[in-house]
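Protein chains in written order, with this note's numbering: chain A, 1 to 518; chain B, 1 to 518.
Derived by calculation from the structure, the hints in this document are not laboratory data. Fair warning: this is a prediction, and the values are worked out from it, not measured in the lab. Be careful, since some hints might not be right.
Straight line, CA to CA, 27 Å or less: simulated DSS-like cross-link-like pairs of lysine-lysine [what the hints assert, rightly or not]:
| hint | chain 1 | residue 1 | chain 2 | residue 2 |
| --- | --- | --- | --- | --- |
| 1 | A | Lys37 | B | Lys37 |
| 2 | A | Lys127 | A | Lys77 |
| 3 | B | Lys127 | A | Lys37 |
| 4 | A | Lys69 | B | Lys89 |
2 protein chains.
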Amino acid sequence: MQMNRLWGIFFMAYDAINASYFYMSSDTPCYDSLCHKNREISLISKTAGILSWDQETYMPKGGISYRAKQLSWLSGKVHELRTSDSFRKALEGAEEESGNSIYTANLRELRHQYNRATKLPQCLVEKNSEATSLGKAAWSEAREKSDFSIFAPHLTELLAIAREKAELWGYDDEPYDALLADYERGAKTSEVVSIFDEVSDELATTAQAACEKSLSTPADLLQGHYPISDQQILNREIVEEMGFSFDYGRIDTTAHPFCTTLGPKDIRLTTRYLEDNFTSSLFGILHEAGHGLYEQGLPADQNGLPVGNAVSLGIHESQSRLWENHVGRSRAFWEKWLPRAQEIFPHLNKLNLDTFLSAINRAEKSYIRVESDEATYDLHILLRFGLEREMLNGKIQVKDVPAAWNERFEHLMGMTPPDDAHGCLQDIHWSMGGLGYFSTYTLGNFNAAQLYQHTQKDAEIAAACAKAQYTPLLEWLQKNIHAKGSSLLPQDLMRAATGEATNARHHLEHLKRRFLEA
Amino acid sequence: MQMNRLWGIFFMAYDAINASYFYMSSDTPCYDSLCHKNREISLISKTAGILSWDQETYMPKGGISYRAKQLSWLSGKVHELRTSDSFRKALEGAEEESGNSIYTANLRELRHQYNRATKLPQCLVEKNSEATSLGKAAWSEAREKSDFSIFAPHLTELLAIAREKAELWGYDDEPYDALLADYERGAKTSEVVSIFDEVSDELATTAQAACEKSLSTPADLLQGHYPISDQQILNREIVEEMGFSFDYGRIDTTAHPFCTTLGPKDIRLTTRYLEDNFTSSLFGILHEAGHGLYEQGLPADQNGLPVGNAVSLGIHESQSRLWENHVGRSRAFWEKWLPRAQEIFPHLNKLNLDTFLSAINRAEKSYIRVESDEATYDLHILLRFGLEREMLNGKIQVKDVPAAWNERFEHLMGMTPPDDAHGCLQDIHWSMGGLGYFSTYTLGNFNAAQLYQHTQKDAEIAAACAKAQYTPLLEWLQKNIHAKGSSLLPQDLMRAATGEATNARHHLEHLKRRFLEA
Numbered sequence: 001m002q003m004n005r006l007w008g009i010f011f012m013a014y015d016a017i018n019a020s021y022f023y024m025s026s027d028t029p030c031y032d033s034l035c036h037k038n039r040e041i042s043l044i045s046k047t048a049g050i051l052s053w054d055q056e057t058y059m060p061k062g063g064i065s066y067r068a069k070q071l072s073w074l075s076g077k078v079h080e081l082r083t084s085d086s087f088r089k090a091l092e093g094a095e096e097e098s099g100n101s102i103y104t105a106n107l108r109e110l111r112h113q114y115n116r117a118t119k120l121p122q123c124l125v126e127k128n129s130e131a132t133s134l135g136k137a138a139w140s141e142a143r144e145k146s147d148f149s150i151f152a153p154h155l156t157e158l159l160a161i162a163r164e165k166a167e168l169w170g171y172d173d174e175p176y177d178a179l180l181a182d183y184e185r186g187a188k189t190s191e192v193v194s195i196f197d198e199v200s201d202e203l204a205t206t207a208q209a210a211c212e213k214s215l216s217t218p219a220d221l222l223q224g225h226y227p228i229s230d231q232q233i234l235n236r237e238i239v240e241e242m243g244f245s246f247d248y249g250r251i252d253t254t255a256h257p258f259c260t261t262l263g264p265k266d267i268r269l270t271t272r273y274l275e276d277n278f279t280s281s282l283f284g285i286l287h288e289a290g291h292g293l294y295e296q297g298l299p300a301d302q303n304g305l306p307v308g309n310a311v312s313l314g315i316h317e318s319q320s321r322l323w324e325n326h327v328g329r330s331r332a333f334w335e336k337w338l339p340r341a342q343e344i345f346p347h348l349n350k351l352n353l354d355t356f357l358s359a360i361n362r363a364e365k366s367y368i369r370v371e372s373d374e375a376t377y378d379l380h381i382l383l384r385f386g387l388e389r390e391m392l393n394g395k396i397q398v399k400d401v402p403a404a405w406n407e408r409f410e411h412l413m414g415m416t417p418p419d420d421a422h423g424c425l426q427d428i429h430w431s432m433g434g435l436g437y438f439s440t441y442t443l444g445n446f447n448a449a450q451l452y453q454h455t456q457k458d459a460e461i462a463a464a465c466a467k468a469q470y471t472p473l474l475e476w477l478q479k480n481i482h483a484k485g486s487s488l489l490p491q492d493l494m495r496a497a498t499g500e501a502t503n504a505r506h507h508l509e510h511l512k513r514r515f516l517e518a
Numbered sequence: 001m002q003m004n005r006l007w008g009i010f011f012m013a014y015d016a017i018n019a020s021y022f023y024m025s026s027d028t029p030c031y032d033s034l035c036h037k038n039r040e041i042s043l044i045s046k047t048a049g050i051l052s053w054d055q056e057t058y059m060p061k062g063g064i065s066y067r068a069k070q071l072s073w074l075s076g077k078v079h080e081l082r083t084s085d086s087f088r089k090a091l092e093g094a095e096e097e098s099g100n101s102i103y104t105a106n107l108r109e110l111r112h113q114y115n116r117a118t119k120l121p122q123c124l125v126e127k128n129s130e131a132t133s134l135g136k137a138a139w140s141e142a143r144e145k146s147d148f149s150i151f152a153p154h155l156t157e158l159l160a161i162a163r164e165k166a167e168l169w170g171y172d173d174e175p176y177d178a179l180l181a182d183y184e185r186g187a188k189t190s191e192v193v194s195i196f197d198e199v200s201d202e203l204a205t206t207a208q209a210a211c212e213k214s215l216s217t218p219a220d221l222l223q224g225h226y227p228i229s230d231q232q233i234l235n236r237e238i239v240e241e242m243g244f245s246f247d248y249g250r251i252d253t254t255a256h257p258f259c260t261t262l263g264p265k266d267i268r269l270t271t272r273y274l275e276d277n278f279t280s281s282l283f284g285i286l287h288e289a290g291h292g293l294y295e296q297g298l299p300a301d302q303n304g305l306p307v308g309n310a311v312s313l314g315i316h317e318s319q320s321r322l323w324e325n326h327v328g329r330s331r332a333f334w335e336k337w338l339p340r341a342q343e344i345f346p347h348l349n350k351l352n353l354d355t356f357l358s359a360i361n362r363a364e365k366s367y368i369r370v371e372s373d374e375a376t377y378d379l380h381i382l383l384r385f386g387l388e389r390e391m392l393n394g395k396i397q398v399k400d401v402p403a404a405w406n407e408r409f410e411h412l413m414g415m416t417p418p419d420d421a422h423g424c425l426q427d428i429h430w431s432m433g434g435l436g437y438f439s440t441y442t443l444g445n446f447n448a449a450q451l452y453q454h455t456q457k458d459a460e461i462a463a464a465c466a467k468a469q470y471t472p473l474l475e476w477l478q479k480n481i482h483a484k485g486s487s488l489l490p491q492d493l494m495r496a497a498t499g500e501a502t503n504a505r506h507h508l509e510h511l512k513r514r515f516l517e518a
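Can you build the whole structure from these sequences, using the hints too?
Given below as structure tokens:
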């Protein structure tokens with residue numbers, strides 16, 4: 001059957017839906033029109049999401065250049081609609097009308113997004129595009145050859161563009177503020193610094209102590225043969241029991257795990273499989289399912305509007321890390337799931353629960369962030385956060401980045417990367433212009449610990465978690481985090497949910513309990 | 001990792017590509033502008049193709065309603081651009097310019113498409129949309145319950161709309177002409193009738209004789225256990241050796257096999273698997289790979305323009321049937337591939353080549369078209385083609401369709417469908433408004449035989465085919481069919497390639513050789 005011709009027929013069938021999709025009411029005509037426009041923009045963005053998801057999962061390699069053109073067209077359409085006169089007029093009109101708190105939150109975010117989108121001139125957008133395109137290719141080659149000099153001129157250019165964007169967007173204290181706002185709405189760099197500073201020394205000493213304590217646990221306890229199809233069975237059972245709906249989502253395989261939302265009821269998770277250790281795919285999918293549960297719990301009636309979106313990466317990462325680490329690496333969880341894992345992988349029968357827990361919670365210093373354990377992970381982030389700020393503030397030159405990275409890594413970890421591929425070249429983010437992103441990983445860890453500890457004060461939730469029953473926990477998260485969408489800024493959300501803004505001590509206490517007291 | 005946020009970065013990276021994608025030259029500015037516009041339309045259509053492919057392969061069921069909205073938006077955008085004033089002006093301007101034969105062919109097709117797109121008023125498009133939407137649901141229920149009365153009022157409405165469309169589009173002899181033009185450019189119903197009429201009696205007697213001869217071949221010769229993963233190994237090896245590039249395509253699993261083009265270097269094939277008979281998925285994928293080779297061989301420089309597209313379903317189907325039947329069911333093919341199949345499925349060792357060939361070329365009358373063999377297939381098409389024409393011409397009323405179907409089926413096959421689910425309700429096409437489509441299946445069979453027989457006059461191609469080496473055959477098809485795209489209308493293409501227009505006798509002779517002389 002030749003589908004392209006038959007779609008001609010399908011196409012006509014969809015026109016009526018199109019005609020009736022967006023409605024208008026009369027109390028707040030400008031707001032309604034604005035919502036209509038933004039839902040259209042969101043629909044186009046999610047269409048691009050489908051193309052990108054396919055590109056990461058199934059697309060044959062020959063498809064790349066045409067796919068880039070399609071994504072380019074969609075991004076151009078999004079930009080055109082977002083910065084159009086009619087969008088601005090609807091926004092201005094809506095700001096003259098009045099509505100409830102959801103209305104207000106949507107307007108707050110739409111104004112913020114509009115201002116940012118229109119502050120960048122087209123020539124800068126194009127320059128940025130070319131620089132990231134060339135930057136990614138150069139980074140890829142530089143990492144492969146472990147030769148920073150290949151990437152250095154591109155990083156210089158990307159930094160200059162990032163500073164220019166920051167100047168155009170504006171900031172209170174330092175350029176990082178302006179970039180951070182892409183990922184962590186309402187956060188100031190100085191606040192992040194102060195949260196980090198309070199615990200950074202203790203994080204380092206805790207990591208050091210955790211690594212020393214783990215020396216008695218052999219590194220290869222879990223080594224074995226785990227057929228991928230069997231891993232998929234276990235992963236799916238667990239993720240389903242967590243509450244992730246496979247009617248509204250699925251799991252695929254990629255080189256780098258991620259979660260993406262292709263529609264309000266279509267959330268895709270991905271993971272990768274090591275045949276010699278099943279925990280890589282499992283903790284990967286627990287992490288992504290944490291993101292996925294958040295996306296599945298966003299307020300449906302606000303779909304396509306800011307309030308219908310996740311509020312920040314620091315909150316998003318709190319959900320993934322809560323399920324991956326606080327739930328997924330806990331004793332109660334494995335009291336339930338280790339017997340099932342042993343059924344599927346019989347050679348795990350040689351391990352008792354204590355040994356298994358020490359194996360999955362083993363700390364060891366390592367060069368690569370994405371392979372690091374819970375105890376040492378934040379040290380990687382702190383290093384990069386500090387370096388990024390200084391690069392943006394002009395306090396450190398690009399040519400000095402490798403030496404600075406290695407020196408700080410030696411200071412934090414007591415060992416020096418053997419080459420730049422294991423040092424400052426390891427992550428893709430800078431080459432994509434993703435400056436300001438990294439700090440949200442550690443904010444997420446802090447928020448995760450704070451939220452999880454807070455829920456454990458509720459006797460019903462705590463009792464259920466102790467039996468590895470997570471419905472009450474999920475319901476609490478749905479009510480207090482997921483269903484809020486972006487109605488509250490991240491720190492207001494944390495205060496409303498837990499009674500305090502992000503407080504790193506909960507994470508520190510968790511690490512001490514897990515790694516030093518166990 | 002949360003991809004939705006990171007795509008913000010990707011998005012910016014694509015803007016520069018966007019800006020430089022379409023170029024202008026100065027000799028034929030209107031034509032260049034027209035091509036630019038049409039490439040944009042094609043890009044959006046192929047984007048919808050990705051969404052539809054995902055819907056058929058991987059989308060969780062909850063995704064359906066939002067996906068429909070996305071497809072609706074894309075179809076609205078396509079319709080808007082296709083019928084815009086600026087498109088019309090570019091078209092009219094280009095018609096004042098002059099160029100080579102490719103230029104002329106593109107203009108011929110663009111004018112044809114524009115005229116058809118603009119002849120349908122929006123209200124009819126919407127009525128059609130609603131009718132097919134309701135029609136598909138009603139058909140699905142009607143087939144499940146085998147109750148034609150559920151579908152009858154919808155078919156009445158769909159017929160009325162089809163007639164209205166035909167009147168608006170215009171035709172020379174009868175409404176079927178106007179509908180057929182969606183699938184078979186340049187064909188007139190009377191020509192199809194005359195091609196069919198010449199051989200219809202002989203097709204029926206040949207099918208009858210083939211079924212009688214096949215009575216000596218047991219129906220269950222190939223029954224066995226064929227693990228899907230092993231079927232996939234064999235299928236991929238064969239399809240790759242045929243010349244289908246997996247750098248530019250892939251195979252996935254769906255309920256109904258199809259081929260779709262997501263980009264010029266991204267052709268997706270699908271098939272379905274029966275665990276008790278490997279030939280279902282294999283012949284399915286040979287068929288779809290035949291479509292796929294055509295798509296992979298279209299002229300790359302004409303991508304996004306009419307000449308860069310396949311010319312008709314009757315030509316498309318000729319490619320799929322040529323590989324499925326003329327190549328894939330031949331003795332030479334299995335001289336090579338049966339030993340390999342026996343390696344993968346050892347229980348096939350019990351069959352020798354002759355027995356195996358009689359099993360895969362076994363004819364038996366059956367009620368369901370998509371399950372029927374090569375010898376009886378066209379009888380199903382002839383029946384439906386005749387009925388459709390009479391329905392469109394008002395010679396038969398909807399309420400009389402089941403009885404007419406059964407009577408004609410009895411006449412053709414000597415047996416009466418036990419219920420309408422095995423009769424006039426078996427196919428989805430009418431419920432989607434797809435009237436005029438069916439005759440192209442048999443045109444495809446005729447063209448396939450004619451093309452294959454013609455190539456066998458070339459000693460080099462014939463010698464290679466006799467050794468199951470298909471590179472010379474593919475190169476001939478690439479040069480004489482694929483690379484032509486839509487530069488010639490189907491019958492001109494057949495004449496240029498084989499020296500005569502579609503001639504059903506080649507197919508008839510092929511069937512006699514295969515089923516009666518073997």
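Hint by hint, here is what the structure shows:
1. Lys37/A / Lys37/B: The given pair, whose Cα atoms are some 24 Å apart, holds under the 27 Å limit.
2. Lys127/A / Lys77/A: holds (19 Å)
3. Lys127/B / Lys37/A: Holds, because 26 Å separates the two Cα atoms, which is no more than 27 Å.
4. Lys69/A / Lys89/B: Between lysine 69/A and lysine 89/B the Cα gap is close to 25 Å, so the pair holds against 27 Å.
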